[in-house]
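Protein chains: 2
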Amino acid sequence: MAPLYIALLHHPIYDKNGAVVTTAVTNLDVHDIARLAKVYGLRAFYVVTPVVTMRRLVARIIDHWKTGTGADYNPTRKEALELVRLTETLETTICEVERDAGAMPRVVATSARPGEGRISFADLRSCLATESVPCLILLGTGWGLTEESLAKADLVLEPIRGRGSYNHLSVRAAAAVILDRLRGDRYI
Amino acid sequence: MAPLYIALLHHPIYDKNGAVVTTAVTNLDVHDIARLAKVYGLRAFYVVTPVVTMRRLVARIIDHWKTGTGADYNPTRKEALELVRLTETLETTICEVERDAGAMPRVVATSARPGEGRISFADLRSCLATESVPCLILLGTGWGLTEESLAKADLVLEPIRGRGSYNHLSVRAAAAVILDRLRGDRYI
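Just so you know, the sequences run in chain order A and B. Take the first sequence: its letter number 42 is residue 1145 in this note's numbering, and every next letter is one higher. Take the second sequence: its letter number 98 is residue 1201 in this note's numbering, and every next letter is one higher.
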């Protein structure tokens, strides 16, 4: 089974007008995706932002729950937040995964936008189950990962489809669906 | 296909010590679950709280995005929030679903705690696909729905399992996994 990692990028990111921006880190993204990483057996969850004050803020919040009074108040939160790592860029994140896993990861970008040559959930699930190459899944914030980031990835995952054409999910909900489809119990 | 509804309960709810409390409404729960409801073709999403000031606050936030300046700023948010309804209790919510669907709904509670006689995701998915009885899914906040609420439901869904024993998800992430398992594309 492939060692699995996930990264939430805050730069470079599209805003609603297609401009490339840096988004703010959302506290609940960190909590929700850390819990998902713990539930689905991921090795680490990278919060990626070039803004040093943002990284410091997130580190302080995590410390509260890991070693502060929060650790006693809510031990399941502590267990989840122990998987969180803070990195500056996509490139340094890939290096960190390589160091942790001992091999270069296959980088899989995600996008709500359709496009050519996307890998299906079924195929990626099957790769992850049978291969041992580490895999890093990239999630975007704001209006999504830039074309530049998609081009840097080895694979781009197909968009989530529900029951119609509307597929505007929060990144927290999208992460839940993606990880469950790739690593959840085979319930159907 | 069964008309599907979802409700997020803020009372009666367990706190971490097992006491029955009323939780505060979390703004992002409303946004995230409304988007999920839209993606998976639900008829409505009920935010259930007995606290009138909370209902007023949520109504005001929704109005901003439905008819205020937010409607122009982010039309996909408007589309999702149009599915939100505000109700006082589980009982009034069931009445509202009956009125909307024209028949009493089957009430399905969810819980992260294991227990006897839970319906599997596969079986509930199959019921929803083949039957026309409306279905109302109940989500808890805080430390979950009370035993009293579970007893009032017609069915209780099995807990979400990932890759180990840890299953402490945010209600936003749990809602995403539940709706995708019940109504997502059959991708595997």
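No lab work stands behind these hints, which were simulated from the structure alone. Here the structure is a predicted model, which is why all the values come from computation and not from measurement. Errors might be hidden in some of the hints.
What the hints assert, rightly or not - Using C-beta positions, here's what the derived DEER-type ranges look like:
no. : chain 1 : residue 1 : chain 2 : residue 2 : range
1   : A       : A1174     : B       : A1215     : 33 to 39 angstroms
2   : B       : A1162     : A       : K1119     : 23 to 29 angstroms
3   : B       : A1162     : A       : G1205     : 50 to 56 angstroms
4   : A       : R1202     : B       : G1267     : 20 to 26 angstroms
5   : A       : A1162     : B       : T1170     : 37 to 43 angstroms
6   : B       : T1179     : A       : T1170     : 37 to 43 angstroms
7   : A       : A1225     : B       : T1195     : 38 to 44 angstroms
8   : A       : N1177     : B       : P1178     : 36 to 42 angstroms
9   : A       : T1129     : B       : T1195     : 31 to 37 angstroms
10  : A       : E1194     : B       : V1236     : 50 to 56 angstroms
11  : B       : R1163     : A       : D1203     : 43 to 49 angstroms
12  : A       : L1131     : B       : G1121     : 23 to 29 angstroms
13  : A       : N1130     : B       : G1267     : 45 to 51 angstroms
What the hints assert, rightly or not - Think about it this way: if two alpha-carbon atoms lie no more than 25 angstroms apart in a straight line, the pair counts; the simulated BS3-like pairs of lysine-lysine are:
no. : chain 1 : residue 1 : chain 2 : residue 2
14  : A       : K1181     : A       : K1169
15  : B       : K1119     : A       : K1119
16  : B       : K1255     : A       : K1119
17  : B       : K1169     : B       : K1181
18  : B       : K1119     : A       : K1169
19  : A       : K1119     : A       : K1255
20  : B       : K1119     : A       : K1181
21  : B       : K1255     : B       : K1119
What the hints assert, rightly or not - Residues of chain A clear of chain B, computed beta-carbon distances all greater than 12 angstroms:
no. : residue
22  : M1104
23  : K1119
24  : L1139
25  : H1167
26  : R1188
27  : A1276
Glycine included, C-beta positions come from ideal geometry on N, C-alpha and C.
**OP:** Please flag the earlier hints that this structure goes against, numbers listed from lowest up.
**Re:** Checked against the structure, the hints that fail are numbers 1, 13, 15, 16, 22, 23, 24, 27, while the rest are satisfied.
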